[in-house]
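Residue-level listing of the chains:
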Amino acid sequence: EPEVTQTPSHQVTQMGQEVILRCVPISNHLYFYWYRQILGQKVEFLVSFYNNEISEKSEIFDDQFSVERPDGSNFTLKIRSTKLEDSAMYFCASSVGREWGSYNSPLHFGNGTRLTVT
Amino acid sequence: GIQVEQSPPDLILQEGANSTLRCNFSDSVNNLQWFHQNPWGQLINLFYIPSGTKQNGRLSATTVATERYSLLYISSSQTTDSGVYFCAVEPYSGAGSYQLTFGKGTKLSVIP
Chain A
1 EPEVTQTPSH
11 QVTQMGQEVI
21 LRCVPISNHL
31 YFYWYRQILG
41 QKVEFLVSFY
51 NNEISEKSEI
61 FDDQFSVERP
71 DGSNFTLKIR
81 STKLEDSAMY
91 FCASSVGREW
101 GSYNSPLHFG
111 NGTRLTVT
Chain B
119 GIQVEQSPPD
129 LILQEGANST
139 LRCNFSDSVN
149 NLQWFHQNPW
159 GQLINLFYIP
169 SGTKQNGRLS
179 ATTVATERYS
189 LLYISSSQTT
199 DSGVYFCAVE
209 PYSGAGSYQL
219 TFGKGTKLSV
229 IP
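Chains as they are written, first to last, in the numbering used here: chain A, 1 to 118; chain B, 119 to 230.
Just so you know, these hints were derived from the structure itself, not from any lab.
A couple of the hints might just be wrong.
[Unchecked claim] Label pairs and their calculated CB-CB ranges:
#: 1; chain 1: B; residue 1: T198; chain 2: A; residue 2: E1; range: 14 to 24 angstroms
#: 2; chain 1: B; residue 1: S144; chain 2: A; residue 2: K78; range: 28 to 38 angstroms
#: 3; chain 1: B; residue 1: G119; chain 2: A; residue 2: D62; range: 34 to 44 angstroms
#: 4; chain 1: A; residue 1: E59; chain 2: B; residue 2: Q196; range: 35 to 45 angstroms
#: 5; chain 1: B; residue 1: I162; chain 2: A; residue 2: P8; range: 16 to 26 angstroms
#: 6; chain 1: A; residue 1: N74; chain 2: B; residue 2: I162; range: 35 to 45 angstroms
[Said to hold, decoys possible] Calculated pairs, DSSO-like style, for lysine-lysine (alpha carbon to alpha carbon, straight line, at most 30 angstroms):
#: 7; chain 1: B; residue 1: K222; chain 2: A; residue 2: K57
#: 8; chain 1: A; residue 1: K83; chain 2: B; residue 2: K172
#: 9; chain 1: A; residue 1: K42; chain 2: B; residue 2: K222
#: 10; chain 1: B; residue 1: K172; chain 2: A; residue 2: K42
#: 11; chain 1: A; residue 1: K83; chain 2: B; residue 2: K222
#: 12; chain 1: A; residue 1: K57; chain 2: A; residue 2: K83
#: 13; chain 1: A; residue 1: K78; chain 2: A; residue 2: K57
#: 14; chain 1: A; residue 1: K42; chain 2: A; residue 2: K57
#: 15; chain 1: B; residue 1: K172; chain 2: B; residue 2: K225
#: 16; chain 1: B; residue 1: K172; chain 2: A; residue 2: K78
#: 17; chain 1: B; residue 1: K172; chain 2: B; residue 2: K222
#: 18; chain 1: B; residue 1: K225; chain 2: A; residue 2: K57
#: 19; chain 1: A; residue 1: K42; chain 2: A; residue 2: K83
#: 20; chain 1: A; residue 1: K42; chain 2: B; residue 2: K225
#: 21; chain 1: A; residue 1: K78; chain 2: A; residue 2: K42
[What the hints assert, rightly or not] Just so you have them, the derived chain A footprint on chain B, three or more residues with Cβ under 8 angstroms:
#: 22; stretch: 160–172
#: 23; stretch: 219–227
Here the structure is a predicted model, which means the values were calculated and not measured.
Using N, Cα and C, we set each Cβ at its ideal position, and we do this for glycine too.
I would like the entire structure built from these sequences, with the hints used as guidance.
This is the structure in structure tokens:
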């Protein structure tokens, strides 16, 4: 069964540094997402991406975050200047999307990248 | 925004016991999924179930969309079932809203 793959599985960085988290969504999917989970808390939506642009973003997704689909397969999340509070598990997800008036298709999640900011 | 309430927050079971986890949500939904987060932090998709009933081995799920709740049943629990179970919903929006809102989860511990 096709999977969403994320690299690296664990990233340690110093406060103020830039990090790029990488994801390869499932090949025929059209919608891409980033979520994050601070340790011990619930999973939170960051951003959704469709047709090479952001379709929705949460309040968490401020100017220090950006997403990009640099080629036909990769989907990246960049954090420009990391803060201690950015330490979390970051999940990439993808879905086929939905037709008007029908249920949305399921989101498929990757295994996550654990980001530790020191 | 949509509210998602899961109960119970914590559950301890003897191996072999059955359990029911509940998810209540405050608005109509376009999507509902159940996930199991294992000890390594991975989110395993269990069910995509915006309505109806599905079964997969020892697990089954039912969503009653008109009454805004979903149930996850675990039968003959095993120690490998331990972890956190999340319910996540996408609120209905004709324009298309593609964000899942997660509940706080039910932490399940199955003891031998």
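**Request:** Against the earlier hints, flag every one the structure doesn't satisfy and list their numbers going up.
**Result:** 3, 6, 8, 16
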